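S.K.: Quick note, the sequences are listed as chains A and B, same order. Sequential numbering of the first sequence, starting at 273, is according to our numbering. Sequential numbering of the second sequence, starting at -12, is according to our numbering.
If you are wondering where the hints come from, they were derived from the structure by calculation, not from laboratory data. No experiment lies behind these values; they were computed from the predicted model shown. Watch out, some of these pointers could steer you wrong.
[To be verified] Under 7 Å between C-beta atoms, here's a sample of chain A residues computed to sit facing chain B:
no., residue
1, 466
2, 470
3, 479
4, 593
5, 595
6, 658
[Stated by the list, open to error] One-sided excerpt, in silico: chain A residues whose CB lies under 7 Å from chain B:
no., residue
7, 384
8, 406
9, 471
10, 472
11, 475
12, 477
13, 481
14, 547
15, 596
All C-beta atoms in this analysis are idealised placements derived from N, C-alpha and C, irrespective of residue type, glycine included.
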Amino acid sequence: MSKPVVIRNARIVDPATGTDQRGAVHLADGVVKDVVAGAPAGIPDGADVIEARGMVVAPGLIDMRVFTGEPGHEYRETLATAADAAAAGGVTTFVLMPDTLPVVDDGAIVDFIVRRAGATAKVNVVPAAAITKGLRGEEITEFGLLKEAGAGCLSDGRCSIQSAGLMKAAMTYAANFDLPILHHAADASLVGDGVMNDGTLATISGLKGIPLVAETIPLARDLQLAIATGARYHAAQLSTAGSVELVRAAKSRGAISAGISINNLALNENDVAPYRTYFKLSPPLRSEDDRQAMIEGLKSGAIDVVHSAHDPQDTEVKRQPFAEASEGAIGLETLLAAALRLVHSGDVPLMTILRAMTQRPAEILGLAAGRLAVGAPADLIVFDPDFPWLVAEADIVSRSRNTAFEGARMQGAVMHTFVAGRSVFGHAATREGRT
Amino acid sequence: MSGPTDTGLRRPFPHRNLLGISQLNQYETLDLIDRAEAMIPISRQPRKILPTLSGKTQINLFFEPSTRTQSSFEIAGKRLGAQVTNMSVRTSSVTKGETLIDTAATLNAMRPDVIVVRHGAAGAVELLSQKVGCSVINAGDGAHEHPTQALLDALTIRQHKGRLAGLTVAICGDIANSRVARSNLLLLGMLQVRTRVVAPRTLLPRGIEALATEVFTDMREGLAGADVVMMLRLQHERAAGRLIPSVREYYRFYGLDADKLSLAKPDAIVMHPGPMNRGVEIDPAIADGPRSVITHQVEMGVAVRMAVLDALLADPEQVAQ
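Please put together the full structure from these sequences, using the hints given.
M.R.: Right under this line is the structure:
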């Protein structure tokens, strides 16, 4: 059992309880023992004390969209290296997408992931099982057996289910097992050969565009099916202003939630030029108007969740002509810092952005974590909201280097990460005695 | 030594590569057109040689098949005295990019002075240029740019019209998939030419208004009063059934025939970057008729490529003597 920990003189921010106050947090036996305003009454014998003046203590982040390469593409990322990157970024739980080799579409593979993560990963891993066998969008998987094996939700990862009939069947059947469906809505016939947002920039670059309706049409379909079937539906990644409107209108009529990648919230299509493949993402980076609509959607609650969409890709598949390069960017390590950009710019309150990375994912996934309540798992982070740093390739913890924030100046860094009361990350600055 | 002596060949050209018209300002663009005009006599004289690139190695690296552009660059290099090697790289879509980077490193080790590249993907030539230590010329990258085509078109227009500024040029056809259209719109727009694009909506990319002065879906309106009618090749095997319903409907509404051409200025010239689909985008009688300057474009192509190679590579001392 790990030693008790007292974090004191911190700004405690916990969206689930609406807390934003100065105080202390006691951790012991893997859970939160106490959260007190002001100074702690006493320090337990043998406890580690973290002096957190100027720091924020918050629930550990829950990242609802993470890809690794294990099994099948371990050279890109393993569960262990993804977990190291997660811990460095303040992510204490992540949902693992099923796009591996083999695909996570069978109980035995879920079991492998659970065991492997338990043995090698220093943060919590929630496996998402594939909705359809082989992610082919043709036959549904064994939702019940997958849940028994440890799957926390269903998702076809990067793939999007094209058939409305199959989606209806999946939602109807998923309701039996109370499993949320996380779906990336993209109409393949409208995406076509598109590789970036459809518009002037794509035209000037000679690249094929992905129209807004490639997302809004299948999203509208999914929302209607969710209302009709009563399934728990999570629109995994919104990118367009129209999508926010659709979700907003549908929410009161079903168990509907929506997420967005931090990339779509912090970047726009201008970042792509000229042919920067680390910014080739799915859904694509959209216009600044869309990005602004996303920020409004987050503030209004239409968008519930902000995730990293961490997707490790090696340089072989990224050092390619833009149209031929793979999609995706890593993001676990930069999730909080990129989110704090929106706080520092005055766009989003700290409580709102933290809620989208703690409380709401926990509620959607039915996890006990994501809050600083007494008795809750001691998964939490201590971060300096103002710590300045530069995203440098050499410092990246993830096994892959494809960050969309290469060279970016960040304000705000994680100093300590705890999972079940155990320290899994300490920032170099803390070891130098700077905190 | 024969050949031009007062043509500005001694002025240094301030770029290592020619990747697109978008990298040039109007002075550099006009300079290249002037240099190209000065190159025309070389190809018309019995001894077609101006050996400013003597001892230089030029590699033509074509990832997409091409007859005219590749031979035009080859002849241009040879007339300047360069050693020219042609490489056609057959690729599957899966290994294309890998081949690009690997090939770049391999060719670079052979110490060429210039690599002329055509590739099916936008931005691929720029990517390759970052991997080599020599000059790179873009001979077409996807639907992005084809700068020497735009330069030769501008030279052709100026030869026939005596000027560029103030003219109206209608570019007609598959704008969405055309690098020729993009480079021409950039170049002509920069030189105060009024540009029109004429195409059905399915062949007009979003935001094309940023590049063209005017956008037309009715070809008759688009050609009215034009000084130059520039037709584009339609990839009709790919377009039929999706972007256009049929070749005959396309020809009816967007093919250049005498009736539609009659709406342009009486002295309007007709251009085409080739290869032509006679009876798809252009009436054979127009293509081969008196208004057509299509073969003149081909001749100007060699002059432009000589000028570009010379501008990027020629040792100023050698030219000056």
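S.K.: Measuring from the C-beta of residue 596 (chain A) to each C-beta in chain B, is the shortest one below 7 Å?
M.R.: Where the cut-off is 7 Å and the nearest Cβ of chain B is about 4 Å from residue 596 (chain A), the hint holds.
S.K.: Residue 406 (chain A) was flagged as interface toward chain B. Is the shortest Cβ-Cβ separation under 7 Å?
M.R.: 20 Å, violated
S.K.: Return the status of the interface hint for residue 658 (chain A): holds when the least beta-carbon distance to chain B is below 7 Å, violated otherwise.
M.R.: 37 Å, violated
S.K.: Does residue 472 (chain A) pass the interface check with chain B, least Cβ-Cβ distance below 7 Å?
M.R.: 3 Å, holds
S.K.: Answer holds if the nearest beta-carbon of chain B is closer than 7 Å to that of residue 466 (chain A); otherwise answer violated.
M.R.: Residue 466 (chain A) check fails; min Cβ-Cβ to chain B is 11 Å, beyond 7 Å.
S.K.: Answer holds if the nearest beta-carbon of chain B is closer than 7 Å to that of residue 475 (chain A); otherwise answer violated.
M.R.: Holds, because the Cβ-Cβ distance from residue 475 (chain A) to chain B comes to roughly 4 Å (cut-off 7 Å).
S.K.: Holds or violated: residue 479 (chain A) as interface residue toward chain B, Cβ cutoff 7 Å?
M.R.: 5 Å, holds
S.K.: Would the hint on residue 547 (chain A) stand, with a C-beta cut-off of 7 Å toward chain B?
M.R.: The hint holds - residue 547 (chain A) has a Cβ within 7 Å of chain B, the shortest such distance being about 3 Å.
S.K.: Under 7 Å, Cβ to Cβ, is where residue 471 (chain A) needs to be relative to chain B, so tell me if that hint holds or is violated.
M.R.: Check passed: Cβ of residue 471 (chain A) comes within 5 Å of chain B, closer than 7 Å.
S.K.: When the nearest CB of chain B is found for residue 477 (chain A), is that gap smaller than 7 Å?
M.R.: 6 Å, holds
S.K.: Per the CB criterion, is residue 481 (chain A) less than 7 Å away from chain B?
M.R.: 6 Å, holds
S.K.: Going by Cβ atoms only, is residue 384 (chain A) closer than 7 Å to chain B?
M.R.: Hint violated; residue 384 (chain A) Cβ to chain B Cβ min 29 Å, cut 7 Å.
When the structure is compared with the earlier hints, violations turn up for hints 1, 6, 7, 8 and for no others.
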